[in-house]
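Residue numbers (the numbering used here), protein chains in the order written: chain X, 915 to 1035; chain A, 2 to 492.
Please note: incorrect hints may appear among the correct ones.
Quick partial rundown of chain X residues pointing at chain A, CB under 8 Å, derived from the structure [to be verified]:
id, residue
1, Leu949
2, Phe952
3, Gln953
4, Ala993
5, Val996
6, Ile1011
7, Asp1027
Hints were generated in silico from the structure; no laboratory data involved. A virtual CB, placed ideally from N, CA and C, is assigned to each residue, including glycine.
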Amino acid sequence: MSGTHYVYWLLFALMMIGLYVVISHGNLLKKMIGLTLFQVSVFLFFISLGKVEDGSAPIISPEVETYSHPLPQVLILTAIVVGVATLAVGLALAVRIFEAYGTVEEQDMQERDEDRHGAAS
Amino acid sequence: MIANLPVLQVLIPLGCAPLCVLLRRRSLAWLVFLMAALGSLACAAVLARQVAAHGPLHYAVGGWAPPYGIEFVVAGYNTPVLLVVSGAAVAAAVYSLGSVRTEIDDRRAPLLYTFLCLTLGGLLGLTVTGDVFNAFVFLEISSLSTYAMVALGPRRRALPAAFRYLVIGTVGATFVLIGIGLAYAVTGTLNMADLAARLAAADSDRALYAAAVFVFVGLAVKAAVFPLHAWLPGAYGEAPSTVSTFLAATSTKVALYVLCRLTFTVFGAGLVFGTMPVGRIGLLAGGLAAVAASAVACFQTDLKYLLAWSSIAQIGYILAGISLGTAAGVSAAYLHLINHAVIKASLFAAAGLVLVRLGSVQLSALAGLGRRMPWTFAAIVIAGLGLVGVPPTAGFAGKWALASALIEAGQWPVLVAMLVSSLLALGYIGRIVETAWFREPASVAEPSGAPASMTAVVWVLVAVSVVFGLDAALPASLAESAAEALLNGGG
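So here's chain X without its partners, still in its complex pose (with noise of 0.2 Å):
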């Protein structure tokens, strides 16, 4: 089983290490960097769902006779959609971000709103 199935096993890992790298990194951009590696890992694996043995693309045509299952890469378009969305949104606050407090790391954003409340009381 875990022979054939390596590809889920792959596409697994490469979740765990976009979502570790959310966690892990203060810095926004590497963030979304690791949240758009773990989303496109698990656009990957819904794909990768659909194929067929011996299955070619599902465009039809006389000499193939096993089709991949299409649906799944139909679904993943909206997806990807959804995705770039979500990256351009977490892109444009970065940059907003930046614009307010001349850093995008999130410990010196959480210094700077610090520095200024103490400045204030």
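The hints should help you fit chain A onto chain X, whose structure is shown.
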């Protein structure tokens, strides 16, 4: 006409969203959002009546018959949620007339209304859809516009709060997607009713358990179930007042509804509560949330953050009700969901009113203002007593139902947690009262006048919460029919 209503109420706000961008004028965009909200509310009311009289409505989007096409289903289990979401949108629309002017500049205001339209459309779509992948798409539509709305908050801290919400929310949504993928791998279908039928046949498949776990964890993140609540205080505390009022009543509630829907009508109570220990975990998380989040709320120095933490505790109550898996528990959860939406919206609206009049919602800034702003603080106290659960407020009705359901199921530790949490709620509401009435005023600055639209919304919401407390017939009947529809698999 009625046959098209399930899709119409989602399409109206989604279609209005680009209009708001194109109009570019604050007042026009406001009018469009108000119309969208009123349209959705009208649709929801007609649908609720229709469902109560003639049973569930099914709508095949684009004429593609389910299970291949996307299906919208309106039944007893989602009409209360539709009413809550569209009602909250109308309240937010009226409220924003006074509130947005003071918080957001003219250039950005139309964009805020665009996001409000998108969030409304996304949440309504998430509520009516009968297709799991479509649910993921609507979840992301509402979430993405919510992140942008939170970032429009007046302080710069709104930006990191929105970013944090984006990261956590996206991880949660992607977990839901993994779960959907696994369920699809097991069954080969995405339609909820079809999934339920095939899952029943594919019992005891390990991929199925994994699917359920991923979906539940993802939704728990979206619903801010303790301990996955980290995004909520910042997001609600920093968002513009209109947005916190709208979100407090809707976003986590819709996620909890989807949790219910998938538990009872897709995975099935036998699998979720019998084979898997989801019920026990839910009760544990709910009980912990009730105590821990209420305790944290007692130590907040900012009124909006205090209310946000109290929301996490209240979500714990609702989750505990759902986790019982009994008709009484689910119906109590729905009742508390409706009542808490009204109460928390009125409290966030009142906090926004304080912000407009004083320029701050720090508790220290409220010192001694109870006498100068008697009506605003009276509203906060009445709604606050609803949070504590003092009869005859709406909060009491929900908690009473929940307590009897817990006793019936013999879940004493959770009941104790709920009582402790109510005492703690008395503590933090008492702290507001003490600051506002029994402290010397910190400044002599006179609070500025209250915009009529905001005051009206606060008092209408407070009045609704009191009416629901005195005469719980309407919310109770909605909650009971919801529980019945879920547990009998109707729909």
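- With chain A as the partner, please determine if Val996 of chain X meets the hint condition of a C-beta pair closer than 8 Å. Holds: closest Cβ of chain A sits about 5 Å from Val996 of chain X, inside 8 Å.
- Item | Residue hint Ile1011 of chain X, partner chain A, criterion CB-CB below 8 Å | Holds - the Cβ of Ile1011 of chain X comes within 8 Å of chain A, reaching about 5 Å at its closest.
- Supplied contact hint for Ala993 of chain X, tested at 8 Å Cβ to chain A: Holds. Min distance 6 Å.
- Close enough to count: is the Cβ of Phe952 of chain X nearer than 8 Å to one in chain A? This interface hint holds because 6 Å falls under the 8 Å limit.
- chain A contact restraint on Leu949 of chain X - CB to CB distance below 8 Å: holds, 6 Å
- Item | Cut-off 8 Å, beta-carbon criterion: hint that Asp1027 of chain X touches chain A | Nearest chain A Cβ about 6 Å off; hint holds.
- Item | Evaluation of the interface hint that places Gln953 of chain X against chain A, nearest CB under 8 Å | holds, 5 Å
In terms of the numbered hints stated before, the structure departs from none.
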